[in-house]
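Student: The chain contents come next:
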Amino acid sequence: MNWSRIRTGRAWRGGVLFLLVLFACVAFLAGMRCGSLELSFGGILSTLWKGSAEDVNYQILWNIRLPRVLLGGLVGAALAISGAILQGVMRNPLAAPGIIGVSAGGGLAGILILLVLPQFSALLIPAAFCGALATAVCVYLLAWKRGVNPVRLILSGVAVASMLGAVSSTVLILNAEKVAGILDFTVGSLSARSWEQLHLVKWYLFGGAAAAMALSRKLNILTLGDEIAAGLGIHVERVRFLLLAVSALLAAAAVSVVGMLGFVGLIAPHMVRLILGSDYRLLIPGCALFGAGMVMACDTVGRMVMEPMELPVGVIMALLGPPFFLYLLRRGRSET
Amino acid sequence: MKLEMEGLTAGYGGKRVLDGISLSVKKGEILTLIGPNGCGKSTLLKTVGRILRPQGGCVLLDGKSVHSMNTAELAKQMALLPQTHSAPEDLTVEQLVRYGRFPHRKVFCGLDSHDCEVVENVLGMTRLEGLRKRNLSTLSGGERQRAWIAMTLAQEPEVLLLDEPTTFLDVCCQFEVLELIRMLNRTLNLTILMVLHDLNLAARCSHRLAAVKNARIRYCGPPAEIIRPEVLEDVFEIKAEIIDGPDHIPCFIPVASCKKGGDGK
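Taken in sequence, the protein lines are chains A and B. For the first sequence, my numbering gives the first residue as 1, with consecutive numbering after it. For the second sequence, my numbering gives the first residue as 1, with consecutive numbering after it.
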């Protein structure tokens, strides 16, 4: 009992948020520091400050490392927020950006571009983005029957994702000799991403995050059930549509630049919920910080472990995330 | 506030669940809907609470149509407690009651001093002050139901709609909840329309009962007129004996089922 009382206290929440900020900062700094080029923080700062284009170190830091770490952070934040919203809207702990077909749709579009239409590979990001959003719209329409019921939404999402997955597999099998080159995209990777990709998606990500914050109070009410929410004066279908649109936008933008990075959208919201509670006004910023830190940290680990080879961030996250998550889950259970 | 239903019809798809229902609830009155399962009483409550759109007819709150009012404005006048609700595991009683202030709050503003005052009042009225920091999931059934009722009261409504507020509660908790409802009715002059399954409880706490059957209101009147063998046989298809209970409130004892046809013998 004491524990739950502490956990609802202001001091606890403030402390947790502070720790999450710290975590994201540490992950960012580690991402800037580690890699084939080893510089002290002082060295990094002075190199970036001077900004001479001839300096190789500057080129590496400014054009490779910084955008990659920032993009990782943004994408992680977006996927975590998207997952948190979906878990609330569906009132289902297994909901994740994959459940509304975003990953499958974006993945299929990406695979098609990379394997079947390689001459258009410059359009990879917009195509994956459109594929992801189009799939989300399809899933929503298929679930519509005088309103959208969360269970129907989940089931039609699973059905559509499985069909698109089958198409993706077929394309992969028919192009087996070229598959190695796109493996990065199918597990989620930040390798070779730079400012260009970051600039393409940043406004979707910032806009989505701001919209999520603006809707957080309504999302709190929506988790009490449709009828309670309607009784409290909420337009349930309208708010649910807005929330789904925001989470689809966030996930689609993320998937289009890093590929099918799954895990963070499912697990990050749970982890933050376990330590911060389920008030979305706190949960959304908490998820953003934690998701960002998680992706930046895992990407850094992925660059380090098998130098000079690189493991994609998706692989590291799927390996390191679950043990930590299971630990939190067990600890949380025994104390409530 | 006065609540009127005029020729209300509603249904799901092609199936008609309410068929031209007209009923009015006076200001400060407790009216309870009774009737067999599937007779349409919950649908009626949901239609009045604008969760369902009627196919015909209208619901008037002090003469204004509920279904054309701004839903947030309406939430300040009429509160609804449905049968099923869910809550995140770590939601505290106090937070739930604060959610009840939702329709009164402006965009991007926190709770002001009036909001806090209302929350305190409501917690006091429902005797939840001592439990305010507790998680909803750790409360007993009766306490939890009190907390949900507190949330609806935080809306400062004049009309309260309750769908089977005593389901899943033991006898003592049922009474506790109904006594709370009566107290609210007396002290706040709340107009209450609710659905109850327990006829004896319904008779004890309501000013009037309305018996619903086959999508229509079959009988409506004070408990003494409704809790009678002929009426119960017609509405519920049971044989019942009626005894004069405490305070001359009739009390019914079911004796036998007299369902015609169907699967029963």
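Derived from the structure by calculation, the hints contain no laboratory data. These numbers come from a predicted model, not from an experiment. Cβ atoms here follow ideal geometry from the backbone N, Cα and C, with glycine treated the same way. There could be a bad hint or two in this list.
To be verified - Here chain B is said to cover these stretches of chain A; the calculated rule only asks that three of the stretch's residues, wherever they fall, bring their Cβ under 8 Å from a Cβ of chain B:
id : segment
1  : 213 to 223
2  : 231 to 240
3  : 267 to 280
Student: Run the structure past the numbered hints and jot down the numbers of the failing ones, going up.
Tutor: none
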